[in-house]
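A.B. asks: Please model the entire structure based on the sequences and the hints provided.
So the chains spell out like this:
2 protein chains.
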Amino acid sequence: MTDLYNVEAAEKHANEALLLPISEAVPIYEQLLATFPTAAKYWKQYVEAHMAVNNDDATKQIFSRCLLNCLQIPLWRCYIRFIRKVNEKKAIEGQEETKKAFDFMLSYVGADIASGPVWMEYITFLKAMPAQTTQEESQRMTAVRKAYQRAIVTPTHHVEQLWKEYENFENSVSRALAKGLLSEYQPKYNSARAVYREQKKYVDEIDWNMLAVPTSGSSKEEMQWMAWKKFLAFEKGNPQRIDSASANKRIAFTYEQCLMYLYHYPDIWYDYATWHAKSGSMDSAIKVFHRALKALPDSEMLRYAYAELEESSGAIQAAKKVYENLLGDGVNATALSHIQYIRFLRRTEGVEAARKYFVDARKSPNCTYHVYVAYAMMAFCLDKDAKIAHNVFEAGLKRFMHEPGYILEYADFLTRLNDDRNIRALFERALSSLPPEESVEVWKKFTQFEQTYGDLASMLKVEQRRKEALSRAGDEGSAALENSLQDVVSRYSFMDLWPCSSRDLDHLARKEVSSAFQSEWFYIPEYIFS
Amino acid sequence: MTDLYNVEAAEKHANEALLLPISEAVPIYEQLLATFPTAAKYWKQYVEAHMAVNNDDATKQIFSRCLLNCLQIPLWRCYIRFIRKVNEKKAIEGQEETKKAFDFMLSYVGADIASGPVWMEYITFLKAMPAQTTQEESQRMTAVRKAYQRAIVTPTHHVEQLWKEYENFENSVSRALAKGLLSEYQPKYNSARAVYREQKKYVDEIDWNMLAVPTSGSSKEEMQWMAWKKFLAFEKGNPQRIDSASANKRIAFTYEQCLMYLYHYPDIWYDYATWHAKSGSMDSAIKVFHRALKALPDSEMLRYAYAELEESSGAIQAAKKVYENLLGDGVNATALSHIQYIRFLRRTEGVEAARKYFVDARKSPNCTYHVYVAYAMMAFCLDKDAKIAHNVFEAGLKRFMHEPGYILEYADFLTRLNDDRNIRALFERALSSLPPEESVEVWKKFTQFEQTYGDLASMLKVEQRRKEALSRAGDEGSAALENSLQDVVSRYSFMDLWPCSSRDLDHLARKEVSSAFQSEWFYIPEYIFS
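The listed protein sequences derive, respectively, from chains A and B.
If you read the first sequence in UniProt numbering, its first letter stands for residue 1, the second for the next number, and so on.
If you read the second sequence in UniProt numbering, its first letter stands for residue 1, the second for the next number, and so on.
If you are wondering where the hints come from, they were derived from the structure by calculation, not from laboratory data.
We put the beta carbon where it would ideally sit given N, CA and C, even for glycine.
You may find that some hints are simply not true.
[As the list claims (entries may be wrong)] Label-pair restraints from in silico Cβ distances: (1) 495(B) - 317(A): 23 to 33 angstroms; (2) 468(B) - 468(A): 29 to 39 angstroms; (3) 481(A) - 468(B): 48 to 58 angstroms; (4) 458(B) - 468(A): 47 to 57 angstroms; (5) 222(A) - 197(B): 33 to 43 angstroms.
C.D. replies: And the structure:
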């Protein structure tokens, strides 16, 4: 896994591929891009290798595989270069194709802070469009104006330059009209420029050369994650105060860019999907979840998140499908997934469906005691059926007698039934079979139980038995068996009320530390009686 | 308090007193010794000041006040000096008095590691006893032999010297008998010497000049406490393998010495008392508790420990007396003491006595919600009376609606009844009156409750309400209101099963930290739209 995502090795392979003939380079690129499907720089290098030898079909193929997932300006400029080259000789029809390609490109990456040169190239291209008639000339002028007006409200590195060019353009068209248009657009441009200056701070924090690797928890990764979170929050705040459709487009664009780099971060996928759902586009949310599960097929939490989105929107069958995919044939299904599916069935199909699934799930190799606890508590809390719950716990005990965690849960259940006779019996059964090193928590619970349900004698007795059982395990000195003042404090405390100060508590707790230490020197070796 | 036990000031006063005439020094000593009643060095200085001016009556008075609580050799040697001086001129009758004083002294401090010189002085004294007849001479020799034989089995700094003197003594009496006696005593002496060498290590760790002050938690204090604990454990191990009566005497002696220095340590008092009880001397245990409560009258835990000792030995009336002393007139009784007394009454006198006391305790100024919870849970767990328990909780709610802790306990109780309708109603009532900053834990419990008892919609709804309520309180950005992947993880976890790795959990948890941070920069100030 770590090896697969070795960044240094990837860079080395990419550099080697540069020196190879295209036929030998292809498998290297394919492997690199299978590992780093959002690495725009490798896609660009790959596609350029084909372009260099005029493999137009292969070039098109690659662009179709990468463009929509890699919203990166250099890659897309490469695309435009290719389109222009292909259409160069096709005269007017080719120019229309190129214009469409520009529009396509700008609709995807026109919001990028680095898209300024693309806008300029587009405008230059538009200005150079042939115009035979006055009508065509007027159309061309309108197209250029529109392009300028879109460019100058976009926060980019070149927004000031574009504004100046736009001023010149309008003044060259008509000094009379220019004034009105420019004063109309001046505040929008000002806002775009102001937002650009803020945005740049966030953009500068981002490492645009980073490869998407699974999180290793490094602080560098964390910084990048934080930088993206801040950038996303900035965009979500709609700093430019544009209409919500445009703002949402920008936000989606930022998420898409973010996921090129944080491709393995389930929280980003989740935030993106829920943002879509909240913005009213359930379809988009579902599409994001599909992509997320392709990126992170092992993420159980993403599957619950996806199922939850479907379920909460009323799409029960769709939600069920998500659960079924998670469970697979049941052999590798986790205990938790059994539990969540049982709960889902209980919510959506009722008691009987849940019961049926539980009966099967018990046979699953990964069925832990948790599944019994979950089912029993569901029967108790939701169906108010203490008898079934009790039966389930009792059936589970045959299988999980050796699990202290199960004993504690069963004891909690019996405590809710206020059934002290059975609680005591359970503790005795469990402690007679659990080895001492496994029974610490059970003894603790038994002690607490007697402090609530017992009389003084039974309280003291269980504490003594606990000490004897556990000191045998820990091979401690007999000092550990003595009743200590700390035991008194524990017996006579109630909730957060203590019969002593916190300083006393600290002091008494130190005692515990030192009594383990005592065992070392507690016995005087025989040899000193010389 | 801290000022009262100022050690430097005490030393200064003691030094000043040295320079004053006795009449002016007396009040200084009295004050010092009221604060440090076990400071043997001040008692010695005080008594020596009287002895210097031959205030015999005052001297006697002081000795009678300090000797039995201050088992310290220098102070006791001072006593012998006084006794010898007083009896000097009284001839034979005076010598008997002096011998009695020696015996008295050695029975109290003869086990001290520093008691060697006292044994020597005693033997010298015995040797100098006048003997007119052969019978008297023989008696004297027997007395000297007995003293030697006691001294050489006592681990002291001078045990080797005493052994040599004893050898000389026996050889001087009878070479024939000496061999048998010395070979009989050699192994006992060897054992004493070996134990002395071990014991010295513990003794050397102890600061014998320390004044008894309440714990401040300093590491120096902790070291001393540890040193004493080790020394006590060493003595309790009976390293010399002597008969248990003698061993117990040594152990009691060590505890008494320890308490001169750790006078304010409740755990030492407790250990001492329980050691007595365990050794079969209930009377001694009770006496120690009386002294402990004199030393630490405010220690609630010591009172419970004392009451417990009485109760567990069947002395219910004596135990009741301890509780009654703790409660006093009820005005200053703590909530915990009310609770423990109610439980005590329930155990020893029954339901009605407990109920009666609860009814009164409710009116006590220190009656907190804990008393209601304790009484209700007692009714529920011990009397199986859910109705009374419910009534008590409901009555308490009128008084403690503003206490989140009470709401949580009441909710736990209703959860045990599996009464979701009333739990929901309780949460709603509580949350409508609790201010947001007080309701964090109640919201948390409400959320957990819906995760167990609710459907998906009610789960999501309560989480959303919780976020809205708490973000209003925390003045957080709207990002905090968004459903996060961490929320999904919390909804789809079960016990210790998580739908993600621990690394994922760490990552998601970091998110929480940063979203608080987000609020700072989340809003773009208006001024940037220039």
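A.B. asks: Give a verdict on every hint.
C.D. replies: Now the hints, each set against the structure:
A hinted range of 23 to 33 angstroms holds for the C-beta pair residue 495(B) and residue 317(A), which are about 29 angstroms apart. Hint check: residue 468(B) to residue 468(A), Cβ distance near 53 angstroms, so the stated range 29 to 39 angstroms is violated. Taking 48 to 58 angstroms as the suggested C-beta distance range, the pair residue 481(A) and residue 468(B) conforms, at roughly 54 angstroms. Under the hint 47 to 57 angstroms, the C-beta atoms of residue 458(B) and residue 468(A), about 48 angstroms apart, fit the expected range.
Taking 33 to 43 angstroms as the suggested C-beta distance range, the pair residue 222(A) and residue 197(B) does not conform, at roughly 59 angstroms.
Going through the hint list in order, the structure does not satisfy hints 2, 5.
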